[in-house]
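Here is how the chains run, residue by residue.
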Amino acid sequence: MTHFTPARLLKKAFVFLAMAAILVVVLLPFYWTVVSSLKTSGGIFVYPPKWLPDRWVWSNYVDVFKAAPFGRYFLNTVFYSVSVMIGQLISCSLAGFAFARLKFPGRNKLFILYLATMMIPTQVTQVPMYVLMRNYGWLDTWMVMIIPGLFGGPFGTFLMRQFMMTIPRDLDEAALIDGANLFTIYTKVMLPLTKPVLSVLGVFSLMQVWNDFMWPLIMLQSQKTFTLTLGLYSFQGQYYTDWNLLMAAATLVMIPVLLAFAFAQRYIIEGITVTGMKG
Amino acid sequence: MKHRSRQFLRAIKKYGPAYLFLLPNFGGLIAFTIYPILFAFFMSFTDWNLFSPAQWVGLANYKDLFTWDPFFWRTMGKTLYYVVLTVPGGIVIGLMLALLMNRAMRGITIFRSAVFIPQVMSLVTVSVIWRWLYNTDIGLFNYLLSVVGLPTVDWLTSETMVMPSIAIMSIWKGMGYNAVIFLAGLKAIPSVYYEAARIDGASNWRMFWSVTLPLITPSLFFIGVMSSIGAFQVFAEPFVMTNGGPGDASRVYGMYIYQNAFRFFDMGYASAMSYVLFVVILVFTIIQLRVTRSGGEDISFM
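Top line first, the protein sequences correspond to chains R and X. Just so you know, we're using the numbering used here here: the first sequence kicks off at 47 and counts up by one. Just so you know, we're using the numbering used here here: the second sequence kicks off at 269 and counts up by one.
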């Protein structure tokens with residue numbers, strides 16, 4: 047039973063209008079990016095600007111690929127982020143299992159140490175990490191992008207621990223009585239049950255490496271090692287006011303993220319909800 | 269002797285597996301977080317440019333920062349200004365968005381996802397795009413302003429507007445994230461509180477202040493702390509959009525650390541700066557913790 051009183055109708059109209067306005071605010075910049083990326087180098091400077099290009103210049107995208115190796119950047123970024131993600135999932139779930147299930151001397155102190163390191167701003171580690179990576183000879187190689195991230199950070203371990211604490215202990219005790227060792231319990235009991243949080247952590251670490259800017263900026267120097275974000279930044283340095291090409295490059299960088307988001311949005315948003323509540 | 273070694277063996281057998289599980293993660297934490305943190309602390313007492321041997325200078329770097337370097341205060345001031353612009357703004361807008369989304373309606377999850385899109389984009393992409401939108405002569409924003417008859421704005425080219433412009437972009441980028449956190453907080457409020465308040469004749473406005481706001485304090489605290497920590501470390505937005513300009517109007521603390529470390533190779537000085545930032549963030553977090561705690565106690569008395 048719905049009453050269409052004027053007040054209720056007004057409220058509905060207000061909600062609808064507010065949402066429409068917000069959608070415009072959120073999406074207009076992206077629309078404008080794509081439209082600008084298809085304008086001619088003359089058309090981009092026409093004022094007042096047009097909402098649609100006169101002529102759709104798809105060749106802007108070809109020009110971007112000719113001007114900078116965005117395909118290479120893409121492959122690099124996939125390689126770095128997927129490697130780090132796999133490493134993180136393994137290391138963090140192993141450590142999370144130890145914190146959630148095993149008793150050992152110093153467990154609580156160690157856990158507090160983990161929480162404390164989460165407070166440290168990235169700037170504190172960046173300068174010494176640059177020195178270390180330089181000493182190891184890893185600068186400007188894939189190693190600097192992958193090895194430090196491979197072992198996972200405190201955040202991932204914290205997330206895994208919190209989730210594993212919620213799994214009933216009866217399950218692993220039953221397995222223990224059946225003669226399973228700890229590693230079997232970890233692989234056969236815990237990992238299947240932690241799939242939801244593993245996918246959240248996987249998406250997070252993927253996004254983190256994919257979108258990171260400061261680390262590659264400091265550690266990489268040559269185009270053949272660049273990530274997409276660093277590649278876009280260096281592209282901007284060369285084509286500072288070639289807005290149509292810049293927007294084409296930005297669109298190229300956005301597409302994989304948008305596609306991934308379309309598939310993983312549930313994990314991302316629910317994952318953020320969970321970490322936000324537990325944090 | 270024999271007894272003790274047997275005890276040791278037993279301890280290894282008992283606890284060894286736990287440490288093995290921890291090893292990759294904890295080893296990585298030591299090698300790539302804890303060791304660098306200690307290394308930076310040591311470096312902050314030296315004068316070192318990477319190429320000649322480091323000189324121990326004691327507290328000179330810290331002393332220089334506070335008493336000699338005018339850019340320390342200037343860039344720290346810019347950063348604080350950015351924190352003050354983005355954190356409360358982000359909280360208010362995120363909360364308003366969450367209140368709007370907190371209703372059963374067809375298509376609401378699609379709306380939620382759409383609002384979230386800027387959050388998953390890299391800062392560099394968003395900054396490149398907004399540099400174009402903010403263009404003074406032919407940018408979209410000034411065009412829209414002129415269409416409705418308002419004066420145009422020198423978004424990124426005026427010394428007074430550049431920080432607010434960057435802050436607006438940051439709020440836009442983060443509002444979907446904040447809204448999702450607040451929404452989770454709102455959904456966790458049992459509806460009986462609202463029903464009781466309604467029976468008491470409370471208005472919507474009154475219910476927001478007396479029921480909603482006190483009960484989402486954990487979300488408020490979480491977003492307040494996390495976004496301040498992030499805002500103090502701001503780097504990519506001004507670096508990509510203005511490179512600190514015009515003049516040094518948008519040179520924030522993170523950029524000044526970057527310049528000292530990787531332009532002037534003043535590693536000791538940059539390390540000292542990063543430690544100062546750490547302490548500032550720590551103090552700020554503790555203050556927020558105190559404020560929220562005392563707020564919570566007030567509520568329980570009501």
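Check each hint, because a few of them may be wrong.
Think about it this way: if two alpha-carbon atoms lie no more than 20 Å apart in a straight line, the pair counts; the simulated EDC-like pairs of lysine to aspartate or glutamate are [claimed, not checked]:
| no. | chain 1 | residue 1 | chain 2 | residue 2 |
| --- | --- | --- | --- | --- |
| 1 | R | K149 | R | D216 |
| 2 | R | K96 | R | D288 |
| 3 | R | K270 | R | D100 |
| 4 | R | K112 | R | D100 |
| 5 | R | K241 | R | D224 |
| 6 | R | K270 | R | E219 |
| 7 | X | K331 | X | D534 |
| 8 | R | K234 | R | E219 |
| 9 | R | K241 | R | E316 |
| 10 | R | K96 | X | D534 |
| 11 | X | K282 | R | D109 |
| 12 | R | K149 | R | D100 |
| 13 | X | K282 | R | E219 |
| 14 | X | K455 | R | E316 |
| 15 | X | K281 | R | E219 |
Hints are computed from structural coordinates only; laboratory data are not their basis. A quick note: this is a predicted structure, and the numbers were derived from the prediction, not measured.
Satisfaction of hint between D534/X and K96/R, Cα-Cα up to 20 Å: 48 Å, violated
Proposed proximity, D288/R with K96/R (alpha carbon, max 20 Å): Distance of about 17 Å is within 20 Å: holds.
Distance restraint between K234/R and E219/R, which requires alpha-carbon spacing of 20 Å or less: 13 Å, holds
20 Å limit on alpha-carbon distance, applied to hinted pair K455/X and E316/R: 13 Å, holds
Agreement of K241/R and E316/R with the hint, judged by alpha carbon distance not exceeding 20 Å: 14 Å, holds
Proposed proximity, E219/R with K270/R (alpha carbon, max 20 Å): Given that 20 Å is the threshold and the Cα spacing comes to 51 Å, the pair is violated.
Restraint status (C-alpha distance of K241/R to D224/R at most 20 Å): It is violated: about 23 Å lies between the C-alpha atoms, which goes past 20 Å.
Restraint status (C-alpha distance of K282/X to D109/R at most 20 Å): Not satisfied, since the Cα-Cα distance of roughly 63 Å exceeds 20 Å.
Given pair status - D100/R, K112/R, alpha carbons within 20 Å: Violated. K112/R to D100/R sits at ~24 Å, over the 20 Å cutoff.
20 Å limit on alpha-carbon distance, applied to hinted pair K270/R and D100/R: The given pair, whose Cα atoms are some 36 Å apart, is violated under the 20 Å limit.
Hint consistency between K149/R and D100/R [alpha-carbon to alpha-carbon, up to 20 Å]: 69 Å, violated
Straight-line alpha-carbon gap K149/R to D216/R, limit 20 Å: 17 Å, holds
In this structure, the earlier hints numbered 3, 4, 5, 6, 10, 11, 12 are contradicted, and the remaining ones agree with it.
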